[in-house]
Amino acid sequence: MTRAIHPGRPIAYVLLFAIAALTLVPLIWLIAATVKGPDDLFHYSFFPPLNRFTAHNYQELFSKMPFFRHLANSTFIASTTVVVQLFFSSLAGFALAKYNFKGKNAVMILMLGTMMIPGQVVMAPLYELIYRLGLVDTYPGLIIPGAVSVFGIFLFRQAILQVPNELLDAARIDGCSEFRIYWDVVMPVSRPMIGAFCLISFMGTWNSFLWPQIILHNNARFTLPIALNQLVGLYQQSYGMLMAGTLLSVLPVIILFMLLQKEFVAGLTAGAVKG
Amino acid sequence: MSTQDKVEPTQDKSVASANAVVRRASDHVDDTPPRSRWFALQHRYAPYLFLLPFLIIFATFGIYPIVKSLILSLYATNGPKDQIFVGLSNFRFLLSDPEFHTAVWNTAVFAFWSVFLQLPLALGLAMLLSAKWLKGREFLRLAFFSPHLVGQAFVAVLFMVLFVPQYGLINNGLHAVSPQIPLDMKWLSEAGLVMPALVLTSLWMYVGFNMIYFLAALQAVDRELYEAAMVDGANAWHQFWAVTLPGIRPVAVFVLVTATIGSFQLFELPFIMLNNGGGPNNAGLTIVMYLYRTGFETGDLGYASAIGWTLALGVMAISLIQMRLTGVWKRGGE
Chain A
5 MTRAIHPGRP
15 IAYVLLFAIA
25 ALTLVPLIWL
35 IAATVKGPDD
45 LFHYSFFPPL
55 NRFTAHNYQE
65 LFSKMPFFRH
75 LANSTFIAST
85 TVVVQLFFSS
95 LAGFALAKYN
105 FKGKNAVMIL
115 MLGTMMIPGQ
125 VVMAPLYELI
135 YRLGLVDTYP
145 GLIIPGAVSV
155 FGIFLFRQAI
165 LQVPNELLDA
175 ARIDGCSEFR
185 IYWDVVMPVS
195 RPMIGAFCLI
205 SFMGTWNSFL
215 WPQIILHNNA
225 RFTLPIALNQ
235 LVGLYQQSYG
245 MLMAGTLLSV
255 LPVIILFMLL
265 QKEFVAGLTA
275 GAVKG
Chain B
5 MSTQDKVEPT
15 QDKSVASANA
25 VVRRASDHVD
35 DTPPRSRWFA
45 LQHRYAPYLF
55 LLPFLIIFAT
65 FGIYPIVKSL
75 ILSLYATNGP
85 KDQIFVGLSN
95 FRFLLSDPEF
105 HTAVWNTAVF
115 AFWSVFLQLP
125 LALGLAMLLS
135 AKWLKGREFL
145 RLAFFSPHLV
155 GQAFVAVLFM
165 VLFVPQYGLI
175 NNGLHAVSPQ
185 IPLDMKWLSE
195 AGLVMPALVL
205 TSLWMYVGFN
215 MIYFLAALQA
225 VDRELYEAAM
235 VDGANAWHQF
245 WAVTLPGIRP
255 VAVFVLVTAT
265 IGSFQLFELP
275 FIMLNNGGGP
285 NNAGLTIVMY
295 LYRTGFETGD
305 LGYASAIGWT
315 LALGVMAISL
325 IQMRLTGVWK
335 RGGE
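Protein sequence lines correspond, in order, to chains A and B.
Following our numbering, the numbering of the first sequence begins with 5 at its first residue and continues without gaps.
Following our numbering, the numbering of the second sequence begins with 5 at its first residue and continues without gaps.
Rather than coming from a laboratory, the hints here were simulated on the basis of the structure.
Worth double-checking, as some hints may not be accurate.
[What the hints assert, rightly or not] For the chain B half of the interface with chain A, some residues (derived, Cβ under 8 Å), not all of them: (1) Pro57; (2) Leu129; (3) Val154.
[Claimed, not checked] To give an idea of the interface, some chain B residues facing chain A are shown, with a C-beta separation under 8 Å as derived from the structure: (4) Pro51; (5) Leu55; (6) Phe65; (7) Ile70; (8) Leu132; (9) Ala135; (10) Ala147; (11) Pro151; (12) Gly155; (13) Tyr171; (14) Ala308; (15) Gly312; (16) Trp313; (17) Val319.
Just so you know, these numbers come straight off a predicted model, no measurement behind them.
We put the CB at the ideal spot given by N, CA and C, even for glycine.
Please work from the sequences and hints to get the whole structure.
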């Protein structure tokens with residue numbers, strides 16, 4: 005006798021795949037919109053017949069804005085921020101995970117306290133500070149305030165707590181300096197967390213809008229979100245071109261995600277689940 | 005249980021590889037004197053040195069602006085240069101500022117709807133997705149999560165086009181499902197439709213993201229509890245309230261609090277979708293947008309700081325209330 009399939013299962017499948025389809029539809033539409041000419045954009049719901057595919061939107065995009073300039077800006081700012089954040093966060097996370105020292109609790113409490121305050125609170129005084137340092141409309145004005153990530157420090161502290169102390173002591177007996185231990189023992193062991201953090205930090209910087217919008221004035225320095233927002237203001241009706249710009253802007257993040265997918269989910273939920 | 009099984013082997017592997025690194029590293033340093041004074045010193049001061057770069061930047065660009073914004077909120081300013089001390093009048097003015105009231109109301113409405121639509125849907129999806137018999141789980145998880153890869157600014161541009169009246173995908177989709185819904189819904193230029201449009205957009209963006217947290221939490225719930233509940237004759241509904249919900253409570257509270265905080269910081273979506281303004285009748289004006297407008301368009305950094313602190317205190321109060329109501333403190337040790 006075969007067991008009857010639970011009647012709930014087909015319903016669950018239909019529900020799940022229907023919602024998945026609803027979720028993916030806007031993204032598929034986005035891709036389709038970039039290859040349709042202005043007359044076809046709303047004529048075909050999604051992709052037009054193959055012979056009506058066009059590169060028109062991309063050509064228009066490249067002629068209306070220095071797209072690759074903005075891509076380079078975004079890439080430079082995001083990767084610099086990731087590297088600096090990674091180094092400072094892992095180093096500080098290591099210190100907080102594996103050492104006992106005076107003032108440790110004070111630092112931790114201070115960090116937790118500032119995590120409760122939304123970033124927008126400090127926008128005005130931060131702008132004033134950056135202005136006085138002469139860093140308005142510069143990359144350092146964008147990168148330096150974002151060079152440390154309290155979230156990253158907690159993430160690394162959590163990961164490094166799991167590293168057995170015997171491993172560190174063994175390295176010490178072998179004469180490794182503390183920095184050497186960080187570099188040659190702790191960092192290699194934390195590889196999954198490094199992957200997760202790099203992706204989270206890269207996405208955060210790549211997509212960041214408000215602070216660059218405040219700090220950057222010169223067109224040539226704009227990052228992609230700022231440049232795209234400006235493009236929307238100038239060519240509100242050129243939907244195809246705007247969609248091409250949007251797709252090309254999110255592509256780097258999607259590629260990076262595909263590479264680091266496993267680590268990402270682990271890192272995202274590490275803090276929450278372990279509490 | 006299953007997650008632990010997965011974690012352990014990889015950890016062993018990485019520990020082993022680290023051992024190899026230690027061995028390799030020690031090959032190089034064998035010839036240095038093992039216990040010099042320098043060695044003791046560097047061990048003692050290492051944690052301070054490791055924290056130093058972080059502390060310098062954190063103090064300058066994290067702590068100082070927080071303190072400064074409290075001070076600045078007592079001044080009327082015109083750009084970063086001109087400042088006059090005005091005491092608490094910024095806060096007094098906030099109380100009677102109709103635009104600020106609109107912004108608070110809009111943001112609260114947005115937060116309410118997005119949290120109460122997002123979280124049950126995210127939890128429901130996570131529960132369906134963690135069913136043992138399910139095929140295609142990886143694909144579904146990736147599909148639900150994919151919107152989060154698109155940053156808010158880019159989502160805003162995409163949905164601005166999806167919301168286009170007459171031709172846009174959303175109006176056509178709704179019209180196809182129910183022909184009573186007119187094709188010319190002006191989502192972004194009719195005051196009553198702006199908020200639903202924003203809630204819908206953020207629903208698309210964040211359901212899958214929150215689902216990931218619930219999914220991880222559900223995996224950590226002890227299977228035996230369900231079996232025990234079934235032996236006791238509990239139906240699915242009872243199991244949900246007696247086993248699932250208590251099991252995922254810490255994560256659920258975390259998601260609830262962070263989703264609420266995130267909603268109260270809404271800025272990019274309306275700012276870009278409504279052409280860098282508040283939309284018709286300021287129907288899409290949010291607190292952060294008003295902060296941006298007063299601080300960086302009008303140039304009153306003092307008033308902007310007062311708005312920022314009001315937002316911060318409000319968000320903290322709501323977080324505390326949420327944690328209280330969900331009983332985070334009752335059992336302690338979480």
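Taking 8 Å as the limit, does the beta-carbon of leucine 132 of chain B come near enough to a beta-carbon in chain A? holds (5 Å)
Once the shortest beta carbon distance from leucine 129 of chain B to chain A is found, is it less than 8 Å? Result: holds, 7 Å to nearest chain A Cβ.
Using the nearest Cβ pair, does valine 319 of chain B come within less than 8 Å of chain A? Result: holds, 6 Å to nearest chain A Cβ.
Quick one, is the alanine 308 of chain B hint okay against chain A at 8 Å, beta carbons? holds (4 Å)
Interface hint check: alanine 135 of chain B, Cβ to nearest Cβ on chain A, cutoff 8 Å. Holds or violated? holds (7 Å)
With 8 Å as the cut and Cβ atoms as the points, is isoleucine 70 of chain B at the interface with chain A? holds (6 Å)
Classify the hint on valine 154 of chain B as holds or violated, based on whether any CB of chain A lies nearer than 8 Å to its CB. With a minimum Cβ separation of about 5 Å from chain A (threshold 8 Å), the hint on valine 154 of chain B holds.
Supplied contact hint for tryptophan 313 of chain B, tested at 8 Å Cβ to chain A: holds (6 Å)
Residue hint glycine 312 of chain B, partner chain A, criterion CB-CB below 8 Å: Holds, because the Cβ-Cβ distance from glycine 312 of chain B to chain A comes to roughly 4 Å (cut-off 8 Å).
Per the CB criterion, is alanine 147 of chain B less than 8 Å away from chain A? Holds - the Cβ of alanine 147 of chain B comes within 8 Å of chain A, reaching about 4 Å at its closest.
Grab the minimum C-beta distance from proline 57 of chain B to chain A and call the hint holds if it beats 8 Å, violated otherwise. Where the cut-off is 8 Å and the nearest Cβ of chain A is about 5 Å from proline 57 of chain B, the hint holds.
Under 8 Å is the threshold here; is the Cβ of phenylalanine 65 of chain B close enough to any Cβ of chain A for the hint to stand? holds (4 Å)
The earlier numbered hints are all upheld by this structure, with none contradicted.
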